[in-house]
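Produce the complete structure using the sequences and hints provided.
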Amino acid sequence: MGLYHTEDQAMLKDSVAPFLAENGSIKQLRSLRDSNDATGFARDLWSQFAEMGLNGILIPEAEGGLGLGHVEAGIVLEEIGRNLTQSPFLSTAVAAVEALKSASADIRGQWFPKIAGGEAVIGLALEEGKKHNPAATALKAERSGNGFKLSGTKTFVVHGHVADLLLVSARTAGAAGEEAGITLFAVPRDAAGLTAEADRLVDSSLSARVTLDGVQVDADAVIGEVDAGWAPLTALLNAGRLGASAELVGVGTGAMDMTFDYIKQRKQFGKVIGEFQALQHRAAHLYGEMEGARSIVLKAQQMLDDGDPRGEMFVSAAKAKAAKSTNLAVREGVQMHGGMGMTDAYDIGLYMKRDRALNEVFGDLYFHADKLAKMNGY
Amino acid sequence: MTDLDTFRKEARSWLEANCPPEMRQPVKGDDDVCWGGRNWVFSSPAQKQWLDVMAAKGWTVPDWPEAYGGGGLSAEQTKALRQEMAKLNCRSPLNSFGIWMLGPALLKFGTEEQKLHYLPQIARGEIRWCQGYSEPGSGSDLVSLQTFGEDKGDHWVVNGQKIWTSYADKADWIFCLVRTNKEDKYQGISFLLFDMTTPGVTTKPILLISGASPFCETFFDNVAVPKHQIVGELNRGWDVAKYLLGHEREMISGMGGDGGMASLGSFYADVLNDNPVLRAEMAMFEVENLAFRAHSERFMDEWKTGRAHPAYSNLMKYVGTELNKKRHEIVMAAGGSDALEWESARTNGGTRPRAWLRTKANSIEGGTSEVMLNVVSKRILEMPGA
Chain A
1 MGLYHTEDQA MLKDSVAPFL AENGSIKQLR SLRDSNDATG FARDLWSQFA EMGLNGILIP
61 EAEGGLGLGH VEAGIVLEEI GRNLTQSPFL STAVAAVEAL KSASADIRGQ WFPKIAGGEA
121 VIGLALEEGK KHNPAATALK AERSGNGFKL SGTKTFVVHG HVADLLLVSA RTAGAAGEEA
181 GITLFAVPRD AAGLTAEADR LVDSSLSARV TLDGVQVDAD AVIGEVDAGW APLTALLNAG
241 RLGASAELVG VGTGAMDMTF DYIKQRKQFG KVIGEFQALQ HRAAHLYGEM EGARSIVLKA
301 QQMLDDGDPR GEMFVSAAKA KAAKSTNLAV REGVQMHGGM GMTDAYDIGL YMKRDRALNE
361 VFGDLYFHAD KLAKMNGY
Chain B
1 MTDLDTFRKE ARSWLEANCP PEMRQPVKGD DDVCWGGRNW VFSSPAQKQW LDVMAAKGWT
61 VPDWPEAYGG GGLSAEQTKA LRQEMAKLNC RSPLNSFGIW MLGPALLKFG TEEQKLHYLP
121 QIARGEIRWC QGYSEPGSGS DLVSLQTFGE DKGDHWVVNG QKIWTSYADK ADWIFCLVRT
181 NKEDKYQGIS FLLFDMTTPG VTTKPILLIS GASPFCETFF DNVAVPKHQI VGELNRGWDV
241 AKYLLGHERE MISGMGGDGG MASLGSFYAD VLNDNPVLRA EMAMFEVENL AFRAHSERFM
301 DEWKTGRAHP AYSNLMKYVG TELNKKRHEI VMAAGGSDAL EWESARTNGG TRPRAWLRTK
361 ANSIEGGTSE VMLNVVSKRI LEMPGA
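Protein chains in written order, with the working numbering: chain A, 1 to 378; chain B, 1 to 386.
Since the hints were made in silico from the structure, they are not lab data. Glycine is no exception: its CB is placed at the ideal position from the N, C-alpha and C atoms. Treat the hints with care, since some could be wrong.
[Unchecked claim] Here are some, though not all, of the chain A residues that point toward chain B, as calculated from beta-carbon distances under 8 angstroms:
1. Tyr4
2. Phe314
3. Asp347
[Claimed, not checked] Here are the simulated distance ranges between beta carbons:
4. Glu51(A) / Thr2(B): 35 to 41 angstroms
5. Lys204(B) / Tyr366(A): 47 to 53 angstroms
6. Pro205(B) / Asp261(A): 48 to 54 angstroms
Next comes the structure, spelled out in structure tokens:
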């Protein structure tokens with residue numbers, strides 16, 4: 001297998017790219033923002049995703065999905081990134097699905113068809129502080145009756161206020177900071193004692209702070225094993241981190257292409273500014289950085305799809321590199337647009353905002369570089 | 001099992017049976033790298049044996065046609081073979097500018113007679129080649145070169161000077177850019193091949209900041225070159241040179257410096273854990289290194305299947321050489337005062353600082369980083385202007 005898209009994968013890209021450019025464009029983002037929309041994404045588009053089969057992209061064929069892999073999910077996410085589409089696709093169809101593969105047949109049977117059909121949105125309630133740290137889970141789950149009682153708060157739950165189901169990491173044993181002793185629960189958002197308050201973020205997305213005040217769940221709400229939630233959580237995080245990396249590549253490439261178009265047209269000193277070597281070298285360097293990000297993201301996708309044991313390490317390298325390159329793309333983008341880059345009327349600033357939020361999702365550059373160092377023994 | 005799996009399995013057992021154990025040890029010094037040629041002194045019988053069996057199999061140049069001494073392998077098979085060699089820690093049987101640079105140019109531009117004559121010599125490591133491109137006044141602006149070949153009917157008489165000729169003092173033959181028309185800058189250069197023992201050729205090694213002399217000044221004083229030793233058409237040598245530079249950049253970027261995907265930081269855990277800012281630098285380097293390895297693999301896969309932009313090797317050359325310089329900066333920092341030792345036996349004669357200084361040439365030789373950025377910007381990004 002070569003490190004490039006197969007024919008089928010290229011065909012998927014050829015169908016998703018024009019579809020999203022038409023139906024999930026920056027115009028839609030602006031309209032959601034300017035109308036102070038309370039959902040955080042366009043429900044119509046979510047249904048169209050389902051009609052195209054995209055929501056079931058990672059769900060096994062036997063369970064009603066397409067049974068495809070991380071390369072294919074990444075193709076969709078890159079286009080989501082390029083168009084700055086607001087969508088629950090990453091959390092619901094990618095990250096949550098990978099965790100739910102470890103859930104009971106009942107839970108899978110209940111939620112996979114709803115996800116594939118575009119009838120369910122799933123929120124990920126994993127964070128408790130302002131920086132990504134899944135092992136720091138302290139939210140308490142105590143045995144109670146036939147199941148557990150959950151108490152505590154979660155932050156940065158994207159679309160949490162409109163989600164139908166929340167995946168909640170909770171501490172059933174051990175101490176905050178330990179990977180062992182965490183259990184992953186599937187909690188309906190309408191469960192008694194659960195409140196979700198949404199706030200608009202810098203990129204116009206809606207993200208909730210979720211409070212669980214003695215929320216009672218049955219034993220079959222446990223995903224995987226009690227105290228051993230780290231395993232499904234790792235599957236969730238690998239998919240989520242890598243998916244966010246693919247989306248970042250889309251954001252960075254979109255910003256870069258827009259910027260290159262701009263400097264090929266903008267004239268100063270009687271010249272198109274793209275003729276100046278000072279900009280040409282920075283443009284070429286940026287292109288190299290984005291190409292590096294694209295390569296490591298594809299490599300990590302193929303590794304996860306192949307079950308390569310180095311997958312987790314490459315996922316961290318991919319998230320770090322995508323974060324670093326895309327951040328350069330949006331900073332150079334705003335700078336090279338000059339004063340126009342500072343205006344709300346131009347789209348380049350929206351790319352900068354989206355990059356900032358996506359960098360934080362599932363761990364930023366520093367988190368993942370540190371993780372890579374630790375995995376290498378220092 | 002697919003055909004490729006079968007090939008991989010057969011290649012592996014062949015390598016296990018034929019690669020001498022000594023040739024599966026890490027390379028320790030310059031002598032462990034075999035460059036071949038008339039004057040090559042094998043550092044061990046195993047080095048010779050390894051070259052001989054690989055050459056006989058056609059695997060010194062696995063993807064060249066069998067008729068020219070190659071293995072006739074497809075791109076996928078070649079990749080699989082390299083992967084199997086890497087898994088078994090097999091050393092490269094032969095390093096050669098003939099394989100990396102001249103060979104591909106001959107395959108594209110050479111006559112059938114030239115291919116049959118020169119390529120098998122390269123594949124067997126019999127002739128060591130050097131490259132005569134840069135001149136004292138023609139570095140990045142290579143096309144301004146002045147070395148002149150005067151037409152004498154059945155031969156040219158070449159006069160001039162080359163510089164930065166890698167290993168010219170050890171090479172048997174040179175492929176050389178020579179001006180054959182003073183009126184036309186681009187279409188006035190021819191690509192000539194000649195024996196370094198031809199009367200009038202002299203070389204003088206250049207001492208570098210690393211203390212070594214991998215490069216030479218090369219002088220031509222009335223050197224007679226027969227007309228059949230031209231590659232491509234008269235005055236169209238620039239086409240050959242450009243094609244070959246693409247391969248040179250591919251080679252340099254493909255090597256991407258030292259180390260592969262292995263973690264560099266894991267060797268320096270103690271010093272890194274005591275120096276958190278250096279640890280962070282190392283961690284960032286590791287991110288870049290893995291990204292580059294993937295980038296390199298993707299480029300090679302795309303290049304070999306015709307998917308890559310023709311100018312893409314310029315980008316890889318830029319990224320790869322800058323990364324290698326960064327690697328050696330970090331290694332020097334992690335090595336501290338030990339890494340300053342220039343002559344001591346315990347540092348094997350200052351291997352580390354010498355290697356660090358050597359890497360500074362990476363982003364100059366074969367086209368500077370600045371020229372690479374120019375090319376990427378104009379040819380790939382299609383930025384306006386001359």
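Outcome of the hint check:
Interface hint at Tyr4(A): satisfied, since its Cβ lies 6 angstroms from the closest Cβ of chain B, which is below the 8 angstroms cut-off. Among the interface hints, the one on Phe314(A) holds; its C-beta lies about 7 angstroms from the nearest C-beta in chain B, closer than the 8 angstroms criterion. With a least beta-carbon distance of about 20 angstroms to chain B, the hint placing Asp347(A) at the interface is violated under the 8 angstroms criterion. Checked against the hint of 35 to 41 angstroms, the pair Glu51(A) and Thr2(B) passes, with Cβ atoms roughly 36 angstroms apart.
Roughly 51 angstroms separates the CB atoms of Lys204(B) and Tyr366(A), a value that falls within the hinted 47 to 53 angstroms. Here the CB-CB span from Pro205(B) to Asp261(A) is close to 50 angstroms, well matched to the stated 48 to 54 angstroms.
Of the numbered hints stated above, the single one contradicted by the structure is hint 3.
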